[in-house]
Amino acid sequence: MPKAISYVRFSSMQQGRGSTVERQEQMIQEWLRSHPDYELSHLSRVDEGLSGYKAKHLAEGAGLKAIQDAIKDGQIAAGDVLLVEAVDRLGRLKHVEMTKLIGDILNAGVDIVTLEDNQRYDIGRMNTDGAWLLTGKIQQAHSYSDSLSRRLKKSYESRREKAKRGEPIKIAKAQWLDQNGKLKEQESVMVRKAIELYKEGKGTRAIVAILQNEFGDIAPKDAKSISRWMTTRALLGEWQGYKVFDALVEHSEFVEIQQLFESRRLVGKPPESFFMSGLVKCGHCGKAFNIRRQKPKATKAAPIGSQEYANKPQILYANCRSYLKNKSCDNNATWPLEVLEYILHQTSGDLLIGIAEGRAISQAASKELNELEAERVTIKNQIPRLLKAYVLTDDESYFKQGAAHKERLVVIEEKIKALSQKIVKPINGKLSYEESELQYNQHHEKAQNELNRICADEKMMKSVLKMYGYTIQIDARQAYCPESSQAETFTLGKRKQKYGCYVVEICYPENDQIRFAAIRRAGPVTWDYTEADLIVKLENQRLAGLCL
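The C-terminal residue of the sequence shown carries number 548 in this note's numbering, and the numbering is unbroken.
Since the hints were derived computationally from the structure, they do not count as laboratory data.
Careful: at least some of the hints might be erroneous.
Stated by the list, open to error - Simulated pairs of lysine-lysine, DSBU-like, Cα-Cα distance not exceeding 35 Å: (1) 3 - 325; (2) 295 - 462; (3) 446 - 406; (4) 153 - 202; (5) 496 - 327; (6) 446 - 498; (7) 221 - 494.
Claimed, not checked - Simulated restraints on C-beta separations: (8) 544 - 213: 50 to 56 Å; (9) 415 - 476: 57 to 63 Å; (10) 295 - 371: 22 to 28 Å; (11) 511 - 533: 17 to 23 Å; (12) 252 - 476: 30 to 36 Å; (13) 476 - 302: 30 to 36 Å; (14) 69 - 445: 31 to 37 Å.
The C-beta atom is built at its ideal place from N, Cα and C for all residues, glycine as well.
Construct the entire structure; sequences and hints are all you get.
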């Protein structure tokens, strides 16, 4: 009887205590139940706390290295299969290294089964569409981790040099701020007007119409811009935990705006059966987008019951929960999961780096800080009134209330200070050059290790993003992420069946740049600056047999 060799890897010991191992083992058991002609091998391995990005799982004594040795020794023979959750469980190495690792396994006659998408790869399939599928998956697995690491390193190097020269750090700024982080006169008046209209109960579309009539070309073009303004901490002059801009509102007013914003949304608990659940929200009603599964269509080349049909990936897409349930929301847009994942990878980098550096603030901490700030403002206003009442009436109760408020104020300010210190961690400017260099290097190394830990398991990464308030907002055929520093908008086009992809238009308001990306269920993303040039690239890929 042929053997099934399972391989489970997670790069953080902390992950092993959660659902990572349970999820991978459950998928293995489900596959074995549906394939009774295979039995689980005693050569199955688990790598605990080993990074696939740094190849520690391929060192002597590691689990995947033991499987490689067993294949070379013939203990794992042709006809056996290697079961992994996804291709990135085998590693997040460079493309050439990953291709060799996988090729050595397949050349020995051992098939690889990726349980996440129910795909089976053998040496024959690698000579057809399998190579294209795996190339895209390998590219995505490595390039995302590599890109974040390079960005983190450049961020530290840039800040270190600017700190030495005493220069301010340049950051993408909100519309109402100039390049120095100061309030623009006309734009700040416009945003203040939007805030007042929002507090009066006006809807976002109505606010856009009023602003366009009053402010002309500088006014926003769509309602989602108003939603962004109302929720961004740039109103407070903050960027990822740093107080770096001029504030447009006081903290107490910001808390009021957030309470209004939340009260106008009906937020329900999303189903957690898919890893994107809870990260995608409807821009109309605030409900979660449900991820749904659809069987692939049968064709003459891949009829139902054939291996070709079994190799076709399932179709995953998302719809507004309220629209699906009872049509109580008018947002009837359908978004393919592969496009949503692409948006996540394009927009989550800054937040992930902020989390790794300890600058980002979680939703729970943000809520606590907002509540403490609001209470501090209230108490500060009440204390002089109570003391004035005591002087006028000589009533001891006013004096006691004032004293109690002063004690409470001390406690609140200590809590605010403690929370703020967790969020903002400035480099000590009084250190010597050598001490400063050492501190920067230590901070960078610590942040890099934390970034590796978060990104090592994609599902863990998304769980962390959810904890820190990351969402993708869907407004019909457009999507955006409030946490993205570039504030880009993604517009979903129709599926290009001829090329097996969706074309998405990406608009960057900072420099009015537009890009077009072709996104497939599997395989690398293709992009260009015009849709016409993108179609030329896709046609060349089709003629080369690379479009699925």
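When you take the CB atoms of residue 511 and residue 533, is the distance between them in 17 to 23 Å?
For residue 533 against residue 511, whose Cβ atoms are near 19 Å apart, the range 17 to 23 Å holds.
Could you say whether the range 22 to 28 Å given as a hint is met by the Cβ separation of residue 295 and residue 371?
violated, 48 Å
Indicate whether the distance between the beta carbons of residue 415 and residue 476 respects the range 57 to 63 Å.
The hint (57 to 63 Å, Cβ to Cβ) is violated, given that residue 415 and residue 476 are roughly 42 Å apart.
Please test the hint of 30 to 36 Å on the beta carbon pair from residue 252 and residue 476.
holds, 35 Å
I want to verify a distance hint. Is the separation of the beta carbons of residue 476 and residue 302 within 30 to 36 Å?
holds, 33 Å
Hint check: residue 153 vs residue 202, CA-CA at most 35 Å. Holds or violated?
violated, 44 Å
31 to 37 Å was suggested as the range; check whether the CB atoms of residue 69 and residue 445 agree with it.
holds, 32 Å
Is the hinted pair residue 446 and residue 498 satisfied, with a Cα-Cα distance of at most 35 Å?
violated, 47 Å
Given the proposed pairing of residue 496 with residue 327, does the C-alpha separation stay at or below 35 Å?
At roughly 28 Å apart (the allowed maximum being 35 Å), residue 327 and residue 496 satisfy the hint.
Pairwise beta carbon distance, residue 544 to residue 213, judged against the given window 50 to 56 Å:
Distance hint for residue 544, residue 213 holds at roughly 53 Å.
Given the hint that residue 221 pairs with residue 494, test it: the Cα-Cα distance must not exceed 35 Å.
holds, 23 Å
Restraint check for residue 295 with residue 462, where alpha carbons must lie at most 35 Å apart:
Within the cut-off at roughly 25 Å; holds.
Hints 1, 3, 4, 6, 9, 10, counting from the list given before, are not met by this structure.
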